[in-house]
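There are 2 protein chains.
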Amino acid sequence: MDRRDSVSSIRVFSLNCWGVRYLSHHCAERYAMIADMLHREKHDVVLLQEVWSEKDYLFLKKKLANSHVHSHYFQSGVIGSGLAIFSKHRIQDTLLYRYSLNGYPYMVHHGDWFGGKAVGLAVLNVGTLTANVYLTHLHAEYSRERDVYLPHRVVQAWELQQFIRHTSAGADAVILGGDLNMHPQDLGNRLLKSYTGLRDAYAEADHFEGCEDGLTLILDNPFISKHVIAPFEKGIRIDYILFKGSCRADIRCASMYTTKGSVPGHPFPYSDHEALTAKLHLDSLAPSEACGDSRARSCECPQEEVAQLVDILTEARTEVKVGVHCARRMRETATRTGIMGLALLLLELAIAAVPWLAPGAQKTLPFPLTSFYLLAALCLAILLCTTLLYVFYTMELKSLQGTEDQMRLAVGGLQEKLRGFPVVERQESVGK
Amino acid sequence: MDRRDSVSSIRVFSLNCWGVRYLSHHCAERYAMIADMLHREKHDVVLLQEVWSEKDYLFLKKKLANSHVHSHYFQSGVIGSGLAIFSKHRIQDTLLYRYSLNGYPYMVHHGDWFGGKAVGLAVLNVGTLTANVYLTHLHAEYSRERDVYLPHRVVQAWELQQFIRHTSAGADAVILGGDLNMHPQDLGNRLLKSYTGLRDAYAEADHFEGCEDGLTLILDNPFISKHVIAPFEKGIRIDYILFKGSCRADIRCASMYTTKGSVPGHPFPYSDHEALTAKLHLDSLAPSEACGDSRARSCECPQEEVAQLVDILTEARTEVKVGVHCARRMRETATRTGIMGLALLLLELAIAAVPWLAPGAQKTLPFPLTSFYLLAALCLAILLCTTLLYVFYTMELKSLQGTEDQMRLAVGGLQEKLRGFPVVERQESVGK
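Chains as they are written, first to last, in this note's numbering: chain F, 3 to 434; chain Z, 3 to 434.
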């Protein structure tokens, strides 16, 4: 058998499993359904998100021991990253990159912070080719009109594209799957696709079958709260399979499928998200000299694409700057509240100390002891909380400013490229 | 002028600046000295660690505006990463990877946690070549005999080598500089060098001038506490410049220098660490077919090196397992203490409630109100602290377990390689 033939196509599956134990509906039953389907379908690569419990991962691992011998669970944060990969092909290496920003720990009801959102990389040997498979889940969007997490998601999209660009130079093919929590034309999505050159499997598939417009959160799914996607008529598309080749391999999407809410023969769907399956065709190319040339690697894009990228980056920088402004304001509020708590405490102590200091006065507290202790406890609680918040907002500010610095550096570099990169390097600063 | 000649050598400088404002001795004067020297010496690449204050970075940036037009400050954590790079060559791109573990926030006197230790990557255009320059600072070693931070440092070394391996495939040359806080033969150092193939500039330099044995923390330095390095006679070597080439460029270290404590004409040295300068020679190689071949890339090491790497990895895994054990024990202690705090609180409330529940009894507290409130506050404080600690230790545990998973995967892959990688992939699990 020609070895190359055996690896010319690769089937990639992606699903946000909605695996919050005791909270998600029919969690155990759905995992059993997912395991059966995966074992039957035998996709080459299975990318799962929101597998929050390691026990559920181990359950799937056991069930898929024959169909998918290689697997990895990405550990992160307090609960975990929720990311799991199952593969028919050998996983040669893995790497996890935790996003520097991921919501707020005190937004307990949203819970994203505790998940330790990240992007996982698994380097697969697909026959003679090396495929870098990325798996991620970005911060959820709880309100499209008042999306306080937008700067965080833009930073995540920025870090995701950076991570992919920097780690994929040695890969013959790049595949990214996951729940990006961004609509197709959202800023972070445009940033990701234009900077990395990743192509959308749904948009490029020769043949598509599934939900209209490739939607992945649909009204027909019984687990979906109607009000969440009501403004978008039929639903939204936030789960993706993206891919690109290299100078060593061509890649194209032959077909793509999504589930359509219900699963035949079962009372409910696999998850609140629809599952995606893409069949990608890989073709090895003969090694060319251009592959090894760093000049060729650094100037791949035509001018109009670079100009477009500069526009997107400028938009992203603005969004991050809004985030910097908000984080600074929040930190100031925390500081002011902390100072007020301290002042109140000192005032209380001063009032309490008066009878002891004033000669001849009665040596008793001028207010009930219960009020004294309750007020003191309140002040101390305020001081503690505001200190923790100050530390947290400082870290948030650093991450946002760091991203903005990197974006400015990138814009500078791209503008230099637009002007036509000079032979002798111009003596200009690109830093701030 | 032949362009290739102009970039055939590159001078790299690395220094841990000990820049803790108000705490480090003569901080401002030392930064002025450092700026003067850097401006005079005009190294191609300057890698600074412990530039904790952004103001000091901006001071250096202003002073070096003519000699080093390109620069970047890596933001991270609460205080910052302390990492700054100045370069004569264009910085094309940057990326920061925060280590998942970096000490404990309650070890305030050690302070490492607040620094947000990380590895920074700057992609430089050195003439026609692309150089990936890495800059890092690992967790300090406060006691060699009882090094509680060893598992954290091993995880950092693991993440450092992973990050370098995964991001350097597109680079023609790789340079790493910084304070690794590891002796030359320490586990993390061996892991880093064997896995990445990075070579030690001190060991490979054709010509060396400086402290005996290349030491970088020496007794002759007046800022060094004698008891810290007393067990090591003359001092220790924990700062490094490492490098490697690629199939597209050869690299060798022509000469290496270190400072020797005092600086001629100044009353004190630049820092408590010695500064390193390495002169590296870069030679472009003609692009070869092997460069673009993924098979060639994945099987570079001879068998004995792979075997040695398996041994080192096994040693590292053991160390990480010790860390897992300790983190689990600490989490259990936090849980037990939390439960005791809760039990005490409930007991107190029960005793206080007795007079109200028992018919006919006097409706007063059986103990003074002050004690009641103080004990309740203590219980609540215990509950809050142990909850925070539980969350922290859970995150620590996840990171350690995640690293151990990745190490096991790597050992599996290497052992497979040792047995001679089969043409048809064996149906064996490499995951856990």
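Simulated from the structure, these hints should not be mistaken for laboratory data.
Note that this is a predicted model, so its numbers are computed, not measured.
Take these hints with a grain of salt, some might be off.
Since the list gives no way to pick one copy over another, a pair counts as held whenever it fits inside one copy or between any two copies.
[Unchecked claim] List of simulated lysine to aspartate or glutamate pairs, DMTMM-like, C-alpha gap at most 20 Å:
1. 262 <-> 147
2. 57 <-> 407
3. 228 <-> 31
4. 57 <-> 215
5. 323 <-> 56
Next on the checklist: Reference check for the pair residue 57 and residue 407, CA-CA at most 20 Å: within, between, both, or neither?
Outcome noted: between (41 Å within a copy, 15 Å between copies)
Checklist entry - Taking 20 Å as the upper bound on the Cα-Cα distance, should residue 228 and residue 31 be classified as within, between, both, or neither? => result Neither. Shortest intra-copy (23 Å) and inter-copy (65 Å) distances fail the 20 Å Cα cut-off.
Checklist entry - Is it within a copy, between copies, both, or neither that the alpha carbon of residue 323 lies no farther than 20 Å from that of residue 56? => result between (37 Å within a copy, 18 Å between copies)
Next on the checklist: With identical chains, the pair residue 57 and residue 215 could be close in the same copy or across copies; at 20 Å between alpha carbons, which is it: within, between, both, or neither?
Outcome noted: Neither. Shortest intra-copy (35 Å) and inter-copy (51 Å) distances fail the 20 Å Cα cut-off.
Item to check | Alpha-carbon proximity between residue 262 and residue 147, which holds within one copy, between copies, both or neither at 20 Å | outcome: Answer is neither: 27 Å inside a copy and 61 Å across each miss the 20 Å cutoff.
Checked against the numbered hints above, the structure violates hints 1, 3, 4; every other hint is satisfied.
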